[in-house]
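Peer 1: Each chain, letter by letter, is given below.
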Amino acid sequence: MNFRSKQDYLEAYSQMVTIRRLEEKCAEFYQQGKIGGFLHLYIGQEAVAVGISAAMSEHDHLITAYRDHGVAYTQGMEPKVIFAELLGKATGCSKGKGGSMHLADTRLNFWGGHAIVGAQLPLGAGLALGFKYQKKPDAVVCMMGDGATNIGYFHEAVNLSKVWNLPIVWLCENNQYGMGTAVERASAVSEIRRKAEGYGITNDRCNGMNPAEVYKAVKRALKHAREEGPFFLEAMTYRFHGHSMGDPERYRDPSEIRKWREDDPIGDWRQIIIEKGFGTEPELNQIDDQIMAEIAVAAQWADESPEPGMDELFADLYADDSIVVSREF
Amino acid sequence: MAQITIREAISQALWEEMEANEKIFIMGEEIGVWGGTYAVTRGFYDHFGADRVRDTPIAEGVIAGAAIGAALTGCRPVAEIMTINFALLAMDMIVNHAAKLRYMFGGQFSVPLIVRTPGGGGRQLGATHSQTLDAIFAHFPGLRVLAPATPYDCKGMLKAALRQDDPVLFIENATLYQKRGEVPDGEFLVPLGKSDIKRSGKDVTIVTYSKMLHVCLDAAKQLAKQGIEAEIVDLRTLRPLDMEPVFESFKKTNRAVVVEEGYPTFGVGAEIAARIQAECFDYMDAPVRRIAQLDVNLPYNRTLEQAAIPNADTVVKAVKEVMYV
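Those sequence lines, one after another, are chains D and S. Counting the first sequence from 1 gives a position; our numbering is that position plus 1017. Counting the second sequence from 1 gives a position; our numbering is that position plus 120.
Misleading hints may appear alongside valid ones.
[What the hints assert, rightly or not] Taking lysine-lysine pairs in the DSS-like style, the calculated list, with each CA pair at most 27 Å apart, reads: (1) D:1152 x S:322; (2) S:371 x S:322; (3) D:1153 x S:143.
[Said to hold, decoys possible] Computed footprint of chain D on chain S, listed as stretches where at least three residues anywhere in the stretch have a Cβ under 8 Å from a Cβ of chain D: (4) 176 to 189; (5) 203 to 216; (6) 274 to 286; (7) 393 to 399.
[What the hints assert, rightly or not] From chain S, some residues computed to sit far from chain D (all C-beta separations above 10 Å): (8) 168; (9) 262; (10) 307; (11) 414; (12) 417; (13) 426; (14) 428; (15) 429.
Derived by calculation from the structure, the hints in this document are not laboratory data. Yeah, the Cβ is synthetic: ideal placement off N, Cα and C, and Gly gets one too.
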């Protein structure tokens, strides 16, 4: 996808709508008690994931935090496999043992899905180090929320990336809140990319509500990462739902959410497609209907999938399966 | 057979494996140009170069984290954390990531990582630099925790660790680097996860590991002069724990003392004692005694510090108690 053709515009639209419907179905499963634990929805931020994955080549790798359903999908994970993991099924990407926050598929260059805030930064630096050490042409995109830029890991990893000149794009999705704390209440600088300047890292800011703009910025960032070293990109976005399901949202005014919803990345993108003559209302509605049907089929497949067997309880604890773990004490 | 120190044993293991496998690189604070704060990696930087001997910033979180990330891509990093006290700053990476990634992602990820780190007290470094934190790391499923005490075991186990795919915490003892012992001249490996009888005896079982092995061997000499023959089981690996030799020995001697350098509460001794009573209840002639560091932060003052760390006399006294002599 390079956002030069009608086909690419429609593909980006289709991907964003798929994420939106997927997340809505997740919320429904959660309310039915079928998804346990925490559930962090990506609704509102879809354009970021679509733009990032569009800009990535087969030599690029992605690692992210716990709000990972959107990029899992844009990296190529099928919705049915995402649903299955969230439902704790054997057919999930991690055999139902990881859950919502731990999606990954190494075959898709998608390295997770990490639930400790900021932990994906040292790990991402390590992926870049590993590829560089093995003299591979690969680069890494490491996503984080604005909240993660206040933790020690951020500073340790971003510093090291410059010291060792690692092929990595630090991509901050600034959705304005770290859980319920606004950026300016938690970060000494609210323009997050300025933190990268302290480490001498080239940086940029982009509109995270438009997939083509994200694509363009990530494309440039990846080129820089591969040819010169680390790059820091801040994508300005907004999550329309709470931090996770059950968030009472006392920290933001409904009018603020309404204002951002007027710039819904999907609605805006729809307008752009129509204005460019790449599609009509009925055509887009048809895509919507098709996606709705596909999501329903995927959800049903996952819902009907088997649970992992009890033999999975101790499986994959060690690579060395001669290690016998005590089960009784 | 050659007589070498533990420092040389660890150094040789790393050197030989790095020569044999280009996927192995080492990283940590002052391991390169400086040569390692305990001189284990002296000469490595000049021989292997900056790419394979990577000096890092003082940033334990990213040392461990970047090593894990590189391991995911197929490298075999050896991350050195200058002391186990600083490993607390890398605890999240070791516990929440190294130990969990394979399991949590359904077997997709492999973390062939070694974290080398020395611990131990007795050098007047004060409370923050003198700890023996082995037990807390041994708490976590998914890790291998090794703590060998002889040049032979250090070399053979580190080499074996570098040829398998599970994350390893390789705990050294800062006061043992000069300890000498015999190693074979040629290639050899020591299997991981196997306890080892370091002294045979019929009267009492002493279960120990790391530096306390040497304290117990001294104690056993004193006890022998008094007619008590102690059998010493060196755990060598804390996770996965190999209890069979302990049970076998206990069923013969019917009494045991567990000796460790770490804190007593929730410690290695507690685990060993609990397992012995569960498995060998009908063989018990005395309660299992736990000898550990006293349950206090280690002070700077030499006399006070030494009073808090187990020595041969403490072990002798405990053995006599379980022998009722």
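Peer 1: Compare the structure with each hint and give your call.
Peer 2: Against the structure, the hints:
Simply put, residue 1152 (chain D) and residue 322 (chain S) have alpha-carbon atoms about 58 Å apart, too far for the 27 Å limit, and the pair is violated. About 10 Å separates the Cα atoms of residue 371 (chain S) and residue 322 (chain S), which keeps this hinted pair within 27 Å; it holds. Our distance criterion of 27 Å between C-alpha atoms is met by residue 1153 (chain D) and residue 143 (chain S), whose separation comes to about 13 Å. Counting residues of the stretch 176 to 189 of chain S whose C-beta sits closer than 8 Å to any C-beta of chain D gives 11, which meets the bar of three, so the coverage hint holds.
Counting residues of the stretch 203 to 216 of chain S whose C-beta lies closer than 8 Å to any C-beta of chain D gives 3; at least three are required, and the coverage claim holds. As drawn, the stretch 274 to 286 of chain S meets chain D at 3 residues by the rule of a beta-carbon pair under 8 Å; at three or more, the given contact holds. For the stretch 393 to 399 of chain S, the stated coverage by chain D holds: 3 residues have a C-beta nearer than 8 Å to a C-beta of that chain, and at least 3 were required. Here residue 168 (chain S) stays apart from chain D, with its beta-carbon at least about 12 Å from theirs, past the 10 Å limit.
In this structure residue 262 (chain S) is not separated from chain D by more than 10 Å, as the shortest Cβ-Cβ distance comes to only about 6 Å. In this structure residue 307 (chain S) is separated from chain D by more than 10 Å, as the shortest Cβ-Cβ distance comes to about 21 Å. Even its closest Cβ contact with chain D, about 27 Å, leaves residue 414 (chain S) beyond 10 Å, as expected for a residue assigned away from the interface. No beta-carbon of chain D comes within 10 Å of the beta-carbon of residue 417 (chain S); the shortest separation is about 25 Å.
Look at residue 426 (chain S): its CB is around 35 Å from the nearest CB on chain D, clear of 10 Å, so calling it non-interface holds up. Distance check on residue 428 (chain S): its Cβ is at least 30 Å (rounded) from any Cβ of chain D, clearing the 10 Å threshold; non-interface status holds. For residue 429 (chain S), the condition that its CB be more than 10 Å from all CB atoms of chain D holds, with the nearest at approximately 29 Å.
Checked against the numbered hints given earlier, this structure breaks hints 1 and 9; the rest are met.
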